[in-house]
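Required output: the full structure, derived from the provided sequences and hints.
Protein chains in written order, with numbering that gives the first Met the number 0: chain W, 0 to 288; chain G, 0 to 288; chain R, 0 to 380; chain Z, 0 to 380.
Think of the hints as simulated: they come from the structure by calculation, not from any bench.
Even for Gly, the Cβ is constructed at its ideal location relative to N, Cα and C.
Where hints are given, some of them may not hold.
Think about it this way: if two alpha-carbon atoms lie no more than 16 Å apart in a straight line, the pair counts; the simulated EDC-like pairs of lysine to aspartate or glutamate are [to be verified]:
hint, chain 1, residue 1, chain 2, residue 2
1, W, 243, Z, 81
2, G, 112, R, 109
3, W, 132, W, 5
4, R, 15, Z, 249
5, G, 112, G, 190
6, W, 276, Z, 367
7, W, 276, Z, 366
8, G, 276, R, 367
9, G, 276, R, 366
10, G, 243, R, 249
11, G, 243, R, 81
12, W, 243, Z, 249
13, Z, 15, R, 219
14, G, 243, R, 211
15, G, 112, R, 366
16, G, 114, Z, 141
17, W, 243, Z, 211
18, Z, 163, G, 45
19, Z, 59, Z, 91
20, G, 243, R, 235
21, G, 199, G, 227
22, Z, 32, Z, 72
23, Z, 377, Z, 251
24, R, 275, R, 219
25, W, 243, Z, 235
26, W, 112, Z, 91
27, W, 114, R, 141
28, W, 224, W, 190
29, R, 163, W, 45
30, W, 112, Z, 109
31, W, 6, W, 64
Chain G side only, calculated, beta carbon under 8 Å to chain R, not exhaustive [claimed, not checked]:
hint, residue
32, 98
33, 139
34, 154
35, 276
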Amino acid sequence: MAILVDKDTRIIVQGITGGQGTFHSGAMLEYGTKIVAGVTPGKSGEQIHGIPVFDSVREAKDARDATASIIFVPAPFAGDAALEAIAADLNPVVLITEHVPVKDEIRVIAEAKRKGITIIGPNTPGIITPGAKQKVGIMPGHVFSAGEVGLMSRSGTLTYEIAAGMTNAGIGISTAIGLGGDPCVGLTTIEAVKLFEQDKDTKALVLVGEIGGDAEERAAAYVEKNYDLPVVGFIAGRTAPPGKRMGHAGAIISGSTGTAAAKIKAMNDAGIAVAEKPSDVARLLRENM
Amino acid sequence: MAILVDKDTRIIVQGITGGQGTFHSGAMLEYGTKIVAGVTPGKSGEQIHGIPVFDSVREAKDARDATASIIFVPAPFAGDAALEAIAADLNPVVLITEHVPVKDEIRVIAEAKRKGITIIGPNTPGIITPGAKQKVGIMPGHVFSAGEVGLMSRSGTLTYEIAAGMTNAGIGISTAIGLGGDPCVGLTTIEAVKLFEQDKDTKALVLVGEIGGDAEERAAAYVEKNYDLPVVGFIAGRTAPPGKRMGHAGAIISGSTGTAAAKIKAMNDAGIAVAEKPSDVARLLRENM
Amino acid sequence: MKLFEHEAKDIFRIFKMPTPPGGFAKTPAEAKKRAEEVGKPVVVKALVLSGKRGKAGGVKFADTPKEAEKCAEEILGMRINDLPVEAVLIEEKLDIQQEIYAGITIDRNERKYIVIGSAAGGMSIEELAEESPEKIVKMHVDPSLGFQAYEAREMAISMGFRGKQINQLGSFFLKLWNIVDAFDVELTEINPLILTKDGRFLAADARLNIDDNSLFRHKDIIEKLKREPIEQNERERLATENDMAYVELDGDIACICNGAGLTMATLDAVSVYGGKASTFLDLGGGADAERVERGIEIAMMYSNVKAILVNIMGGITRCDEVAKGILSARADGDIKVPLVIRMVGTNEEEGQELLNKAGIPFLKTMEDAASKVVELVKEVA
Amino acid sequence: MKLFEHEAKDIFRIFKMPTPPGGFAKTPAEAKKRAEEVGKPVVVKALVLSGKRGKAGGVKFADTPKEAEKCAEEILGMRINDLPVEAVLIEEKLDIQQEIYAGITIDRNERKYIVIGSAAGGMSIEELAEESPEKIVKMHVDPSLGFQAYEAREMAISMGFRGKQINQLGSFFLKLWNIVDAFDVELTEINPLILTKDGRFLAADARLNIDDNSLFRHKDIIEKLKREPIEQNERERLATENDMAYVELDGDIACICNGAGLTMATLDAVSVYGGKASTFLDLGGGADAERVERGIEIAMMYSNVKAILVNIMGGITRCDEVAKGILSARADGDIKVPLVIRMVGTNEEEGQELLNKAGIPFLKTMEDAASKVVELVKEVA
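Laid out in structure tokens, this is it:
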């Protein structure tokens, strides 16, 4: 078992005819992902990697019985694409696009919430369930092996680094989720923890955070009160200076909030084992599981 | 019994310190209406007819345990006042103001619907339940006597005319509702019929319509299928020419829709007795009850 | 507030909505100049606030500036649906591949904006709705979200467009929505929206009505248009200034009442007894003596009036004030035709006493009053 | 995009938000002229994109134009928080009754805009939040409805205002919201918002940051401001042009990685082994050889750099491309300091082979790489 995507998930790729959409659709198909349709307005009738392209999400969904969507549409149009996916009741909607205006993110997330739909991202590598061979994202599939640890993270390559370390140590993953590097994202850390809590096959969690905001502190408080299985944490940005945006729009220390120290302390207080280096994550998992 | 307002209704008057607000608050109090608070931003501490004035609906509601609101705020600010009442969960909200921009009406009605709140109006004389001595509106209370007939209408004085005729004929009213003369109003004719249908003490209905739209046709179709008690109708504007706005913004025949002939036919088809003149309403009620 | 085609198109251009090149002319000479500027065959259109001007001869084509001048001469000075044509619009004649309908208005049942489109434009949407309803595509706008780009594309798809035209036409609908949203538009129609042979979509016509109740938010537009918001005759203008609802009809009995529904019902009652109203005049709620007198004055300005019926159901309106207004109008010599009064409700007795003293009769029911006024008009004739 | 105070106030004025009379000056002489135009005692303020300019001496008061000239002379040419002061703002010195705080930003936990106010303005909101959190009023904005006038009044009421000030201050907050909504503002603060002794509310200061991701919608603003959206040094500008994330730090090891999280983690690992990073450089996803070379070039432009650590976790990024980029940079003579490479993932073997052939060592874990680079820097020193 897993969360959000499993073997029954049937994916639409919005923006499939663009460079990124085409490239990653190929990679996803190769991994085993069930892509059933693509959408690019005005390009119906075309095929990408043998996948039929439609003019609208509604047409694609109706014709191909799709359940979820991944979006590669450029930032100015990504919010609209997400609203289109939400209107068609696709769930989850994985918004890969980076540089989406925050005003659009707020609208999309509010509308998704109203309809009970999970938005992953924006600015996310996506979500992967190795056991079901379902990769809805842009991550290198081979670094993730199937298993019982739920992994959530606000960054991409750091996730691959940690997943690769786990794989090398023989520890597999139920589902790994990139939550997205923007200040406002759909699925939050705490919500991801709650989803994993419901999944009986996830036996431990890895919570990869970074500076900015207080999502990790909130999740730690939740874990302390509600989550009984082992949790290992890692926080990137311990040496980041205040006021500088460290790549991700969300990774910025403003005033006294968002520091790595505060996050690590909250995790320690909640009984979460915090790794000093990415390579320590697998070891700590081994020790705690 | 009655619908929407009864003896337990506790009213806030929004715009109580304005000319209309003050005048009609006096008239309502005289009739017996339970006005518990007034609201005019910036005028807290004042009293109108002994009723305390507050700066905001929330303060007024909290201090005085109010349940419903009547709005006399000028048109440019009426939509905001209605949203304030909706946010404070007052129900119903009676919007007396005329000339409210239709865009504002659409927003207010959508938000009320989302929260399950009934908006009466705008551009309405209000609602009256004579048996509970609750008049939430600007109608002359003395023409309405208590009884078992539900009365709904899109116009004001015509309602008084018909109510007076009923009173003279010894026929009383459970609740009378002015639905409002604008094209877009909160409580629609068909919704009013449904509310009366739930009220076991309402034994017959009077449905006063006028040209414009097809609210009467829809209500007639509903009555034919669902409503078993007697219904008497009247339609104003049989001699109105197409394309001219007959006072009410909603009273306009556009294209082939909205004619009195179509409405009268729909009512007749639904088994509703249609009066030719206002004075015929009481007679038809007598004959059908 | 109804905008003239050229005014609507000025707003369209702010939103980068494509319109045919051209301009506005008040004289045949100006029309010729505009046609020269266009430099291609043109269409010359009457600028009137009325549909169906094509059928009335208000649209003509001209191959040369000289011809355009002649067309303008013919059209200027026409009356279309009883409205004088004071200006024409000269625009490039388009090379038409397809005529499309695009509009947005308010669905009063749903209490939502509704976007309407059809690939079969050109004819009126009412005719189309009767002849080929299946060719009309409609979509409601979610009040909390507004109209979205993907919905605009879905309109284009449902209308049968494919390929890049989905985005082109979608963008057109989206701009139209943005205009509606920004300017409190209660009705807009582009009919026809032209798809040219070279694949461009252009607004060949433009109808745009702004919600009168919203004009307080749009003073800058009125300023820019530099005209009064509503086209009215003297009597209508006076009534509007006095915040009275006033409509002229083709009968001879002026009905002065309080409340729109009661006024309509009074007109109907007059008709039941074989009469015909000249005037719908709703004094509104709580009219005082001065207002009643003003109402009578305005009604008497219309030459068709042969009798007056005052029908008051006193609620906020007090009958004594109404009586005072009538007496004052009579004293000033404003009432030059027979007058029938029906007056009940608040301060009914005081009002009746005032009329009694002045020797003016009155009636108790609107039916009696309607029948009486019809009788009087017949006597006059 | 952070706006300068005078730019923010230009936008405020479009929305009829009251600001003190005054203007902008680039020289002491201009400052004197502005002060003459104001005709009253003025405040002279440094125009820098940084808070706390008051504490840094960037705000001075002048009773006469002559004094204003002197103040401007002192302030122009200052550096505040390492930013040069190139212009000053001269404004009427207000007769202060009360200093108020008003701001709108984004609550990332709620994913909503949040409106913030306090009757205790003047000091920074962070300090206020620590000292007197009860004096701060906050209200979230419903994404589907927007901020409403009644909510703006509730802000004023909760901040302790009464009487007509509820409407005055409410209107201020509502305008501020309208600006936020119209211009994709991610942070705005008016601190202080002044209530004058004669009862007016004016924006004495103005901070306005527009969401960089939204600038495609606001080309007209950038056009009007006639400046580049972001204040950057040459290296930062180059990195932005190449769509790389680049931050300069006070250490001496340039960390060039792919992905923001991995780059941060690499900086942290360097620190674990006792080193200090000079450079955060995220190449982004799928960097090719050219991009890698460009990244190395940019990093080498910063004079603090004593060693380079390249840390690549190959996903979309291919290790062979990274190796090619490094080789090319070396061939061009760009790399003038010790270089440590850690490179795993996609096409790892091909990449390693390329490096092997060129005799360039590489490591397999980021921990080894971090420890190695720290060691090399110590040797150099």
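Going through the hints against the structure:
no.: 1; hint: W:243 with Z:81; in the structure: 14 Å, holds
no.: 2; hint: G:112 with R:109; in the structure: 11 Å, holds
no.: 3; hint: W:132 with W:5; in the structure: 8 Å, holds
no.: 4; hint: R:15 with Z:249; in the structure: 49 Å, violated
no.: 5; hint: G:112 with G:190; in the structure: 12 Å, holds
no.: 6; hint: W:276 with Z:367; in the structure: 11 Å, holds
no.: 7; hint: W:276 with Z:366; in the structure: 8 Å, holds
no.: 8; hint: G:276 with R:367; in the structure: 11 Å, holds
no.: 9; hint: G:276 with R:366; in the structure: 8 Å, holds
no.: 10; hint: G:243 with R:249; in the structure: 13 Å, holds
no.: 11; hint: G:243 with R:81; in the structure: 14 Å, holds
no.: 12; hint: W:243 with Z:249; in the structure: 13 Å, holds
no.: 13; hint: Z:15 with R:219; in the structure: 14 Å, holds
no.: 14; hint: G:243 with R:211; in the structure: 15 Å, holds
no.: 15; hint: G:112 with R:366; in the structure: 41 Å, violated
no.: 16; hint: G:114 with Z:141; in the structure: 14 Å, holds
no.: 17; hint: W:243 with Z:211; in the structure: 15 Å, holds
no.: 18; hint: Z:163 with G:45; in the structure: 14 Å, holds
no.: 19; hint: Z:59 with Z:91; in the structure: 12 Å, holds
no.: 20; hint: G:243 with R:235; in the structure: 13 Å, holds
no.: 21; hint: G:199 with G:227; in the structure: 12 Å, holds
no.: 22; hint: Z:32 with Z:72; in the structure: 13 Å, holds
no.: 23; hint: Z:377 with Z:251; in the structure: 11 Å, holds
no.: 24; hint: R:275 with R:219; in the structure: 42 Å, violated
no.: 25; hint: W:243 with Z:235; in the structure: 13 Å, holds
no.: 26; hint: W:112 with Z:91; in the structure: 48 Å, violated
no.: 27; hint: W:114 with R:141; in the structure: 14 Å, holds
no.: 28; hint: W:224 with W:190; in the structure: 14 Å, holds
no.: 29; hint: R:163 with W:45; in the structure: 13 Å, holds
no.: 30; hint: W:112 with Z:109; in the structure: 11 Å, holds
no.: 31; hint: W:6 with W:64; in the structure: 14 Å, holds
no.: 32; hint: 98; in the structure: 5 Å, holds
no.: 33; hint: 139; in the structure: 4 Å, holds
no.: 34; hint: 154; in the structure: 2 Å, holds
no.: 35; hint: 276; in the structure: 6 Å, holds
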